[in-house]
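S.K.: Residue numbers (our numbering), protein chains in the order written: chain U, 1 to 384; chain S, 1 to 384; chain W, 1 to 365; chain R, 1 to 365.
The reader is advised that the hints may include incorrect statements.
Said to hold, decoys possible - With a straight-line Cα cutoff of 30 Å, these simulated DSSO-like cross-link-like pairs (lysine-lysine) come out:
#	chain 1	residue 1	chain 2	residue 2
1	S	Lys141	R	Lys245
2	U	Lys238	R	Lys245
3	U	Lys31	W	Lys36
4	W	Lys245	U	Lys238
5	W	Lys245	U	Lys180
6	U	Lys181	R	Lys245
7	S	Lys341	R	Lys36
8	S	Lys95	S	Lys31
9	W	Lys36	U	Lys341
10	S	Lys238	W	Lys245
11	U	Lys181	W	Lys245
12	R	Lys245	S	Lys238
13	W	Lys245	S	Lys181
Unchecked claim - Some chain S residues close to chain W (C-beta under 7 Å, calculated; not the full set):
#	residue
14	Asp2
15	Phe5
16	Ala266
17	Leu271
18	Val280
19	Ile313
20	Met382
Unchecked claim - Okay, the calculated beta carbon distance ranges per label pair:
#	chain 1	residue 1	chain 2	residue 2	range
21	U	His37	W	Lys36	23 to 33 Å
22	U	Pro309	R	Gly51	34 to 44 Å
23	S	Ser6	W	Ala238	26 to 36 Å
24	U	His37	W	Ala238	26 to 36 Å
25	W	Ala238	U	Thr11	51 to 61 Å
26	S	Phe366	W	Ala238	29 to 39 Å
27	W	Pro132	S	Asp26	50 to 60 Å
28	U	Gly52	W	Pro132	49 to 59 Å
29	R	Gly251	S	Asp176	15 to 25 Å
30	U	Gln110	W	Ala238	44 to 54 Å
31	S	Met1	W	Ala21	17 to 27 Å
32	R	Ala291	U	Glu8	23 to 33 Å
These are calculated hints, taken from the structure and not from any lab test. The structure presented is a predicted model; accordingly, all values stated were derived computationally and were not measured. All C-beta atoms, glycine included, are put in the ideal place defined by N, C-alpha and C.
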Amino acid sequence: MDLSFSPEENTFREEVRRFVAEKLPDAIRHKVMNGVHLSREEHVQWQRALHGRGWGGVGWPREFGGPGWTPTEQYIFEEECAAAGAPRLISFGLKMIAPVLMAFGSPAQQQRFLPKIMSAEEWWCQGYSEPGAGSDLASVKTRAIREGDHYVVNGQKTWTTLGQYADWIFCLVRTDPEAKKQSGISFLLIDMKSPGVTVRPIITLDGAHEVNEVWLEDVRVPLENRVGEENKGWTYAKFLLGHERTNIAGIGIAKRELARLKRIAAAEGRLDQPLFAAKVAQVEIDLMALEITNLRVLSAEREHKAPGPEASILKIKGTEIQQTISELMMQAVGACALPFKQAGVGPDYAANLGTGYCNLRKLSIFGGSNEIQKNIISQMIMGL
Amino acid sequence: MDLSFSPEENTFREEVRRFVAEKLPDAIRHKVMNGVHLSREEHVQWQRALHGRGWGGVGWPREFGGPGWTPTEQYIFEEECAAAGAPRLISFGLKMIAPVLMAFGSPAQQQRFLPKIMSAEEWWCQGYSEPGAGSDLASVKTRAIREGDHYVVNGQKTWTTLGQYADWIFCLVRTDPEAKKQSGISFLLIDMKSPGVTVRPIITLDGAHEVNEVWLEDVRVPLENRVGEENKGWTYAKFLLGHERTNIAGIGIAKRELARLKRIAAAEGRLDQPLFAAKVAQVEIDLMALEITNLRVLSAEREHKAPGPEASILKIKGTEIQQTISELMMQAVGACALPFKQAGVGPDYAANLGTGYCNLRKLSIFGGSNEIQKNIISQMIMGL
Amino acid sequence: MNFDFNEDQRALADTVHRFVARDYTFEKRRAIRDSKPGWSREVWQVLADLGVLAINIDEDYGGLGYGPQETGLVMGAFGAGLLLEPYLTGAVVAPALIRRAASADFQEEWLPRVATGETIVVLADADARDAPVREVGGNLAGRKAVVAHGGCADLLLVSARCADGLTGLFAVTPGADGVTLRDYPTLDGQRAADLALNDAPAVRLDAGGARDAIDAALDIGLAALCAEAVGIMDATVAATTEYLKTRQQFGQPIGRFQALQHRMADMLLHLEQARSMSYLAAMDCSNDDAAARRRTLSAAKVTVGQACRFIAQNAVQLHGGMGMTDEMILSHWFKRLTAIEMSFGDTDFHLQRFAANLSREARAA
Amino acid sequence: MNFDFNEDQRALADTVHRFVARDYTFEKRRAIRDSKPGWSREVWQVLADLGVLAINIDEDYGGLGYGPQETGLVMGAFGAGLLLEPYLTGAVVAPALIRRAASADFQEEWLPRVATGETIVVLADADARDAPVREVGGNLAGRKAVVAHGGCADLLLVSARCADGLTGLFAVTPGADGVTLRDYPTLDGQRAADLALNDAPAVRLDAGGARDAIDAALDIGLAALCAEAVGIMDATVAATTEYLKTRQQFGQPIGRFQALQHRMADMLLHLEQARSMSYLAAMDCSNDDAAARRRTLSAAKVTVGQACRFIAQNAVQLHGGMGMTDEMILSHWFKRLTAIEMSFGDTDFHLQRFAANLSREARAA
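Excised from the complex, chain U in its bound form (with noise of 0.2 Å):
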């Protein structure tokens, strides 16, 4: 046993440092740092500057113009990002979609799709939510009718994020309303230009427009757009959301947030009481051992397995670390928490942080919900 990174992967840590440093704009970089919204000009700005580097397709291998990383290496990638205050990578088409494409697409969809989700000329955004669904994927009702060369989409997608940017969606539908539950879904692709689709913005309890609704109304959409074969859908979907699962428990991030905490703790003298302290030193600790932990389940995937269920700890600790961190800078600035959106109102540091909090709420709620995952651990980690 080593904990310790190889020389090889300190110096690529230095190399990734480097080119953050130098690449990614100061505006950028301070919104980040200060939690504010990006806009998609600043997210495809920074996307294309990877790009330009070789680095557009994290987690992807070399045959598909990836960088070929190890899971180590990306982890390191993605922790260097987010301690510099880099945007989180828009995972809708690197993360998601691409590994579908790859596993199961066809040659044409892999050289039509690809190379534009790398230089991010185009946007991607997930279908897979409907209205009353929930954390039960499997029960699509966008109903998909054949006609010709082209499918006939009607339903109804939600908690779309950034849809509002999106060129295409990758959709969940129904092709076989017989078929038992996971059986008859297939897995389009889908043009955001084509009629019937309307995006509608979901506004959110901290004010923001990050998630909307998608309408499918008669949306024709050719027969070379479906993935894989027809009515197997659900084993990409499944296959996705595995891949969902890389870099879940947000090691950067929340290490990036907690320098974060204790910079805005110390400024308002809560290190010097002791409740507080202890409440920092406590979610410090919680991410130095989840850290360890993360590093445990990347060393196991090296060996050729893809991401287990043990994803699911590297989620609940994860988001509950993030969300913590949230609610102690919050708790930090007092009432200066309160004012809504309104810079120059107590210190430049808190006008974020009553909504910050509200916004991360949907860490344990999104992406399988937190309990979810606990039915995960119980019953396919301990076979209850």
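Since the structure of chain U is provided, determine the placement of chains S, W and R on it from the hints.
M.R.: Chains S, W and R only, in chain U's frame:
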């Protein structure tokens, strides 16, 4: 709304306080105050003292020789007794079988048994739990077969608290093996001196002998010792479980133990440690709240309602508070809690803290586990 | 010992609940929140007509002479309806403060106007950290930060460090020279303001220091805040229970899942403990023994604050994504509960105050 | 980065697991616990023969020259078997301390005997509160309280305040004049002793103070203790999982109840986080940078201590009454986990130490 006790109630409280101060032997008080188990004789001695004052039938109506107190008066009585270090009432006779006999027993049974419970001439124990049954009390396996004017009983009971002291045991037995679970159960009173009754100690993790297995082999029980109708025993059993829940919060005991915790923590200088002091403060606050919650439930009961599912709230919080206090006492003395049953190692007050903590794990398990109580709350109160 | 409300109290509660259900719907509230001032003077007049602005004012001054219990009933109903008007500061804290700190003349002049809704009086106590308010030659200078409903005030009561070394209480007119109010919305949709005083004219109200009176009035406000929280939590727990009964997942109502049932049981435990402490706070908040009063109120705020946090977080969690949407009232209850936990001293503050008292008692013994 | 054990390590772990499974059954342990000394010299010799007493001793002195990782493997296995012999103090702390604090001559004389099991050396560090041990004219006076396995010692290493103001480390022979050991069982079935020194003859081992060396040796012990705890928790979680699969209630295995499933998931989360910190502790416990070492070890003890508490309490709870019986090994794991949480500084102590460091860093920045 008026949260103060009435002048009559305050006078009554004074009266109880005076009585306990005069009549409670110092040796018993000292044991109770320091968490030492009492002998049978000590329990009996105190019950006789209460009986001498006309208070032997705590919780009983006047028609059966009880003092006829209101729930609030009974609460005051038990609180004062606990605060002063009087022994806990032995509830198996007074609070479990007695209410069943009053409600469902024949006049002959009432005359035969009730006076000797009050005067502590006869000690009762419970025969509800069976090996493998746990929380699923209705899954009774002990069989009673009618032979003329007797039942012949075979089976095994367990977790029989202080069964080693008992003269009588009340038992759930299956009289109709064909009937569905809750039907076909009868409620028998069995003389522990009957041939075929064997009591075997169960030693618990604190090294104590508090609970027992009771083996019943061809035990002959006269028909007249059946309570109520044959095969209707589950009705009486549920009635008993309802009554078991009076004073379930244990406010008086918790207050006494909290005072002990504060004495110990002060002596150890622990109240000057902010984290420890905050934990003591937290449990004191929880107890303040629970006391009011308990009085609210009593106030509802006074309007002639039986203890309802609200008692589950009292059970959960009451046992959590007592367990937390025992844990904090142990932590307060640190390493001095480790010596096992060693007087004279460390301060006197340290000697029973480790075993006390271990022993009280039972509180959240017995009397309907706290998980069962949460089922009751969510299903019976909230309708889920 | 009696936990029932009397007939008058029940009638009052009915009145207020009816008002919220009929005249202060979620849609109505949204319109008020989105209006420029963010609250409604018209609603304030309705409240005056209902008599609820008068309940904390003595009958001598045109009030109803009720107390913390009645205030708690009203606050509970307003809590569930998420009232945006300055009831807590204007109709609970201000009258309690004026009665304790000001002269009979001042009381006679202003309390009747508070009761009729004519004048909204708002306390501004907490200083901005970098510019505490001080008396300089009879005028005031300095800043007050995040003054709840400061922008609604017709008259401000401002605490200030005086030349005599005491904390004085001053009447300040919002429109006066040297008085600047920056009014803004808060996370929970309510309003607050930063108050800047630049050699502002002010009339001192107290004789011999107002700190004790301010603390006493704030404690009465804190008890009312606890009652508001319980009202919101009642609504939140009920709505979540209902959601769990109707929402289907994996072929059954999600309320059949035991892990969620137990979570709901935990929420109910928090709620009932908070309700108990809210009653105790109402009983003790006008106690003149400040140490005893603070002990109870700190215990109450800890219990209520922890319940706010637990219930708010889990109600959103159990609602899933729906609980995070602006269109459901649930997310607004969440934000108000979050704000309450941080107001009038947060849970840490009160737990530490209670714990420090334990240490002191131990040293004294 | 590599979390696999090498071949030697796996062979060592196999040896120890086999020993526990075959030669240190629960029944065997019970017999040893109920014997007069409460531990077995015979078992100690078996451990010597297996080589495990030598793993923390340099090859120069007849040892195997292994480190904290190997120690952790052994401690994990001994944890699950609830070994009653003085392995932690005698085979982990003592050699680490001798190597750091004593002269080469002393090392040469004693370390080989420790490796062969001939001599059991026990550290007595924590003073009785009312009578700290002091050096008086070369001899020692005072008392040490609750010395783990003090009664097993052939040689005691005793820390004492010296005339030169330093903490000295002294070799004391248990049988000597003025040395009294009161030996007794502890809650977890292990042994401890109170040591009274009354002008007792002693040989000073250190040159220039031993506090740093003692702390360093105790930190190596703490990392080993964390590994022991993980071994016990592994066994506890596995046994509870198995129990939930077999135990029937209300017509199904209780492991089908979702509330219990989620409790088990929480236990696993605690266990895996504790395992991670136990690895980190093993890596850092011999770090010469005491501040960095303490930071890691405090974090490890907090994580492990909280896991001990959560897993022990819930394992008993989920076993119901059965979990409380002396006849099940589970209740003995519970007690050992309880004792571990309170040993080498409890969770509060380490959390406070870690937090105090945060405050210091912030002030320094």
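S.K.: Would you mind marking each hint as holding or not holding in the structure?
M.R.: Hint check:
no., hint, result
1, S/Lys141 to R/Lys245, "holds (22 Å)"
2, U/Lys238 to R/Lys245, "holds (28 Å)"
3, U/Lys31 to W/Lys36, "holds (29 Å)"
4, W/Lys245 to U/Lys238, "holds (29 Å)"
5, W/Lys245 to U/Lys180, "holds (25 Å)"
6, U/Lys181 to R/Lys245, "holds (28 Å)"
7, S/Lys341 to R/Lys36, "holds (16 Å)"
8, S/Lys95 to S/Lys31, "holds (24 Å)"
9, W/Lys36 to U/Lys341, "holds (16 Å)"
10, S/Lys238 to W/Lys245, "holds (28 Å)"
11, U/Lys181 to W/Lys245, "holds (23 Å)"
12, R/Lys245 to S/Lys238, "holds (29 Å)"
13, W/Lys245 to S/Lys181, "holds (28 Å)"
14, Asp2, "holds (5 Å)"
15, Phe5, "holds (6 Å)"
16, Ala266, "holds (4 Å)"
17, Leu271, "holds (4 Å)"
18, Val280, "holds (6 Å)"
19, Ile313, "holds (6 Å)"
20, Met382, "holds (5 Å)"
21, U/His37 to W/Lys36: 23 to 33 Å, "holds (26 Å)"
22, U/Pro309 to R/Gly51: 34 to 44 Å, "holds (38 Å)"
23, S/Ser6 to W/Ala238: 26 to 36 Å, "holds (34 Å)"
24, U/His37 to W/Ala238: 26 to 36 Å, "holds (34 Å)"
25, W/Ala238 to U/Thr11: 51 to 61 Å, "holds (59 Å)"
26, S/Phe366 to W/Ala238: 29 to 39 Å, "holds (33 Å)"
27, W/Pro132 to S/Asp26: 50 to 60 Å, "holds (59 Å)"
28, U/Gly52 to W/Pro132: 49 to 59 Å, "holds (53 Å)"
29, R/Gly251 to S/Asp176: 15 to 25 Å, "holds (19 Å)"
30, U/Gln110 to W/Ala238: 44 to 54 Å, "holds (52 Å)"
31, S/Met1 to W/Ala21: 17 to 27 Å, "holds (23 Å)"
32, R/Ala291 to U/Glu8: 23 to 33 Å, "holds (29 Å)"
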